[in-house]
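Visitor: So the sequences go chain by chain: V and C.
Under the numbering used here, the first residue of the first sequence carries the number 678, and numbering increases by one thereafter.
Under the numbering used here, the first residue of the second sequence carries the number 14, and numbering increases by one thereafter.
Simulated from the structure, these hints should not be mistaken for laboratory data.
Keep in mind that this is a model prediction, so the values were computed, not measured.
Be a bit skeptical, because a hint or two may be false.
As the list claims (entries may be wrong) - Across the chosen pairs, the derived CB separations fall in these ranges:
(1) C:R223 to V:K829: 33 to 43 Å
(2) C:A192 to V:L865: 46 to 56 Å
(3) V:E824 to C:H336: 34 to 44 Å
(4) C:G243 to V:A910: 41 to 51 Å
(5) V:G827 to C:E236: 41 to 51 Å
(6) V:E859 to C:G228: 13 to 23 Å
(7) C:E236 to V:D766: 52 to 62 Å
(8) V:K870 to C:G243: 52 to 62 Å
Claimed, not checked - No farther apart than 30 Å at their CA atoms in a straight line, the calculated lysine-lysine pairs in the BS3-like style are these:
(9) C:K302 to V:K895
(10) V:K780 to C:K196
(11) C:K335 to C:K302
Claimed, not checked - Partner residues aside, some chain V positions facing chain C, computed with beta carbon under 7 Å:
(12) A765
(13) P768
(14) Q803
(15) Q816
(16) V912
Where is the CB? At the ideal position from N, CA and C, for every residue including glycine.
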Amino acid sequence: MKILVPVKRVPDPATTIRVMPDGSGIATDNVKWVINPFDEIAIEEALRIKEKQGSGEVVLISVGQTAWQEQLRTGLAMGADRAILIKADHPLDTLAIARAIAKVASDEKPELVIIGKQAIDDDSNQIGQMLAEMLGWPQATFASKVELAGEKCTVVREVDGGLETIAFPMPAVITTDLRLNEPRYASLPGIMKARKKPLNEIAVDSLGVELAPKLKIKTLNAPEKRQAGRKVASVEELVQVLHTEAKVI
Amino acid sequence: MGDVLVFAEHRGGHFPKTTLIAVNAGLEMARKRGGHCIAVLSGEGAPAAAAEIAKYGPSKVIVLDHPKLAHYLADAAAQALADLVKKTGAETVLATATAVGKDLMPRLAARLGAPMASEIIAINDDGTMVRPMYAGNALATIELDGPVRVVTVRGTAFDAAKPADSAAPVETVAPELDAAALKMEFVGFNEIKSDRPQLTEARIVVSGGRGLKSGDNFKTVLEPLVDEMGAAMGASRAAVDAGFVPNDLQVGQTGKVVAPELYVAVGISGAIQHLAGMKDSKTIVAINKDEEAPIFGVADYGLVADLFKAVPEMVEEVKKLKH
Ligand SMILES: Cc1cc2nc3c(=O)[nH]c(=O)nc-3n(C[C@H](O)[C@H](O)[C@H](O)COP(=O)(O)OP(=O)(O)OC[C@H]3O[C@@H](n4cnc5c(N)ncnc54)[C@H](O)[C@@H]3O)c2cc1C
Ligand SMILES: Nc1ncnc2c1ncn2[C@@H]1O[C@H](COP(=O)(O)O)[C@@H](O)[C@H]1O
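Given only the sequences and the hints, what does the whole structure look like? Please build it.
Guide: In structure tokens, the structure reads:
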């Protein structure tokens, strides 16, 4: 089966993010760029399905700039078969990115799109659900277990108050949660092979989808920093100050 | 007119505090956009929940009635809400960013071709909104263009709606659904039952991290403190990943966001992703044996100690306070 996996380039989660003084964005010097962690989980799940079935194709897709090739190559080194870079040099909102991916998905006709639940930079948690609606497909968000049987897919989802199980026919969109799997690292032979795997570029404007942003970021501000308080010497003192000073117990 | 549809989530007729938060945010949005706030419910038990929610200030309550809506599923719910947006001409559709809100609202936005803002924390008078990005390290002021827009609100940023003087009228609407396009099926819900307060509703939250070392220690060491304080229990991702506690307890950027009056972090280092979910708590306490742990950077009161000694002591001290 063919599985499409969207991939976003984001700052390493360990990076300290600083907002530029003029509010125009974040400072990108000293930022290490990585694959969005939820997308690594998505790639891993796609590879496991392919390995279990003994055949199939895992196709990566990014809507971004030339630099994003780096993350696509890393995904190819993990084991994906080929990659598509939809080149966009102007910022797009989530609707436009979802439209661009939906257009490619309708041409590629995968049985599954496996996608991260959330990009750790914009924290939107939108694109998988948008994609499912645009394609008219079922969606299973926040997946912690995926089971395939014939045309049917059963997914356990991490929801409020427990775990929900839903089922649906493919094609479908699945968004990954943290407990779905533990992504593999790219091996050295994997990295060598990845260099020769196909990475096609398409200009976003050539897709014929509406791109004008409807969500605009006016400014970015640094949040007020919380001041560190003080150390207490003992449990007894701690409980006392919580009672008499903070008055919370 | 800037009418606001609030998706009022409930389970079998009972609604969590997050639903009252959505109603209150909807009332604020409607006031600032010169429109009315309309609460919308669907699913089993909706009429009972509708009668209740009607007492919290909306101008009207609508029950969406269709056999395909008996149990919440994103595809049917998105169709039904989109149909209602067309029928009412509403400008904004709003929900709290719960698991259901996060699942449904982007799908609805795509169906409407509308932009969506996730987890807003403020509604400005000029129509812009504020939302955190980068695990809360940046606050973006954003604008949504077009005749319709979709919004989820962060539960910690808005108060719950209060009972009003009179109850709003309740109306039942049968949405038009394209049933052939609905392919999702509910199989089951494995509920994690607990007698403790809800994590997102509790006045006090006591969270444990990898420092607890095992699920057994959560039970024997942390739970007595949680219960003595009448608190909800939370956890770091590391504790959830290790299987010490259920996923539902994860606090952080990619788990639940909480802001109780008192947050006690036990054996948690204070990674940026964890801080994103608790740093707006009123008072923060950290118990950690490493005095360099970043959690102390946000704690009002820090105790450098071995948790296996400090936590049982704390249970005793809190007990003493009660006598
Ligand atoms: C994409 C992504 C999303 C994430 N989302 C989240 C999220 O939502 N929530 C979240 O919490 N994390 C999240 N994380 C993980 C986060 O980066 C940290 O790895 C995690 O929070 C660490 O958990 P911890 O503090 O329990 O463990 P550790 O960092 O291992 O800290 C354990 C602490 O316990 C202390 N300790 C050990 N023994 C004792 C003892 N006997 N007495 C006292 N103290 C002791 C240690 O000094 C240490 O400070 C995410 C990471 C990524 C990449
Ligand atoms: N520009 C992009 N190109 C490809 N995939 C993306 C892009 N932006 C977001 N995604 C995918 O959408 C998921 C959810 O992102 P978001 O809705 O922005 O939180 C991410 O985990 C990515 O897999």
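Visitor: For which of the previously enumerated hints does the structure constitute a violation, in increasing order of number?
Guide: The structure breaks hints 3, 4, 9, 12, 13; every other hint is satisfied.
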